[in-house]
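Engineer: If you read the protein sequences in the order shown, they are chains F and R.
Using my numbering, read the first sequence as starting at 17 and increasing by one per residue.
Using my numbering, read the second sequence as starting at 39 and increasing by one per residue.
Just so you know, these hints were derived from the structure itself, not from any lab.
Beta carbons: idealized from backbone N, C-alpha and C, even for Gly.
Some hints here could point you the wrong way.
Straight-line C-alpha distance at most 25 Å; calculated DSS-like pairs for lysine-lysine [unchecked claim]: (1) F:K197 to F:K71; (2) F:K413 to R:K120; (3) F:K36 to R:K97; (4) R:K93 to F:K413; (5) R:K50 to R:K181; (6) F:K70 to F:K413; (7) F:K26 to F:K36; (8) F:K26 to F:K162; (9) F:K398 to R:K93; (10) F:K404 to R:K100; (11) F:K403 to R:K50; (12) F:K26 to R:K221; (13) F:K413 to R:K97; (14) R:K52 to F:K413; (15) R:K50 to F:K404; (16) R:K214 to F:K403; (17) F:K415 to R:K50; (18) R:K100 to F:K415; (19) F:K383 to R:K120.
Simulated restraints, written as ranges between beta carbons of each label pair [said to hold, decoys possible]: (20) F:S196 to R:R192: 52 to 58 Å; (21) F:E336 to R:L72: 38 to 44 Å; (22) R:E127 to F:E45: 38 to 44 Å; (23) R:K52 to F:S120: 55 to 61 Å; (24) F:D43 to R:D180: 58 to 64 Å.
What follows is each chain in one-letter form.
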Amino acid sequence: MEESRLNAMKRSFSILEDRKKRLFRDDYECINELSDRVKSIRKYSISNLEELIKKAEKRFTENDIEVIFAESADKALDEIYKIVKDEPIIGKSKSNTVNEIGLSTFLMNKGIELVETDLGDRIIQLDEETKGPSHPIGPAAHLNIKEIARIASQKFGEFIAPEARAILDALKNDVTKRLSKCNVGITGANSIAAEDGSLIMVHNEGNINIVSMKEIHIVVAGIDKLVRSVEDAISVVKLETIFATGKKVPAYMNVISSPSKTADIEQILLKGMYGPKRVILILLDNGRREALKEYDECLLCIGCGSCIVSCPVYNVTGYEFGYRGYLGGRGITFSRFITDNQTCFDSGLFQCTECGLCTLECPVNIKTNEIIERLRRESVEKGKYPKKHLETAERIKEKGSPFED
Amino acid sequence: MIYFRGCVAREKLKRISRDTGEILKLAGIEYTILENEECCGSFLLRTGFREDAEKVMDKTLKDLEGEKILTSCAGCYKTFSKDYKEILEVELDVIHSSQLFKELIEKGHLEVESIDRKVTYHDPCHLGRHMEEYDTPREILDKITELVEMERNRENSRCCGAGAGVRSAFPEITSKIAEMRLKDADDAGVNTIITSCPFCILNLESACNDDYKILDLSEILFKRLKRT
Ligand code: SF4
Ligand code: SF4
């Protein structure tokens, strides 16, 4: 990432850090208690994942939500395509899982437009130089207002002043117009209550309220998002919000447990009253079960992004240290499972200093530096390492010293 | 006691092993150094060369097992304390120089004097977050300097950017991180940074100009000893 963009990112990170610090000072006990609760919720989930998957399938089906299990990204794309192939345009809200499967490029190649509705996501969608979000909740954290105005002006072919409200209005008007043409909305889910058959989404802009009310609502989520109950899921997303934004609650928490329905006329069940006729949950494995075998800790993640804010490497490289919105060290470890060792290597497996700061900042204390070290070992065994490391290793073996002279 | 200097204090920043040796002598501590001291294995472990690491560790262990070991380097200290235990299943009797210095001061084997020179302390990742040793170096510095804390300190201390092979393979990342750490000191209004890891010093020194002083705890302590 360019120097100026890194500086903009660091500025927004420091505002975020200050807000978090204040919240933690005022609500320390409350947050601590919630962290402990979420740690045990998430640990239960990954230790009982198969059972939760079964329960989810059963309960969602009972709730009239269609469940499709996708073992790979390709399968998920195929399934989505089957549903949307006749649509010219689809609305979308922020989702790492949707980015993970590469839906945007896939649909573009099929001639289907995907409209990002989160302001930050929309901005980076319009900017050709940006290669991804720089923070899971603040995707455009690396862009200053002048740059954003320039990007928007270019896009709309007219001058848009570097003024926040003017930029918002221009983007909102454009997105609203496009959204009105959509019959399908795609979102992720922040947490999924398997035993209740409920999907929980959090947002601040209100965009999910619109995207999820289209005729068909498709939800793409990893199996690692499963927890037992709605109460558990709310705890998870509340903690995620606290660690991601420094606010205790988001503007909106949507709990969706069925398509929109009514039985007000002689108990005749009709679906699609104001909201969708169909809600379809695509449950994605895509390497998560493999991670579960020896690296289950990696799946504890609740996606708050707190780890990257303090990460020394992330602060000087930006999203290049990560993979497709899975940012920083934890994102890199995750990429090993949702893709392969080569991608993990390219995403920065050997760029982490193993300093351990991210573990401290993580609400579920994932020991990313230890996971990185283990994955490096695997990578070295496969012959993938920085050349410099081999040279140093050779010197150490030969003369007991890493130095050349 | 064996003083295991570690590669940086042995070959690059010899002033650290020299001053540490002098302090030990002044305190009347008998110690030996290994003529053919090699590697603790840390670099190989952190960078994934596990098989090589185990060979190197086996070799080094032969010289150290059963001895009391003193280290200057936070990385050696962590590796001997944690990795030898986990991988080779040996519990080594290892102490970091900061801890020994504190003991020697408390027992009256070293007498120190304070000068009101402002310094700040950088927690090395391997001594701080990984071994949870935050207080000992500070207790010594409180006795001999005016310690000013950086905002990011103790468990929140910013990494110097050198660790786990990043400095050798991605020097541009390392130097940018080191610059951020130097700026942390600037923001605290101090240009003398004391730390307890020769590798951090090597790294921070190569990222700064002469306006800064980056010193090992042993160096500043040595200057503050009352000689009798
Ligand atoms: S351990 Fe690695 S990923 Fe975590 S904060 Fe340090 S450099 Fe970043
Ligand atoms: S690893 Fe921890 S801090 Fe990072 S996104 Fe996941 S839960 Fe948040």
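Engineer: Checked against the structure, which of the hints given earlier come out wrong?
Structural biologist: Hints 1, 3, 5, 6, 10, 24 not satisfied by this model.
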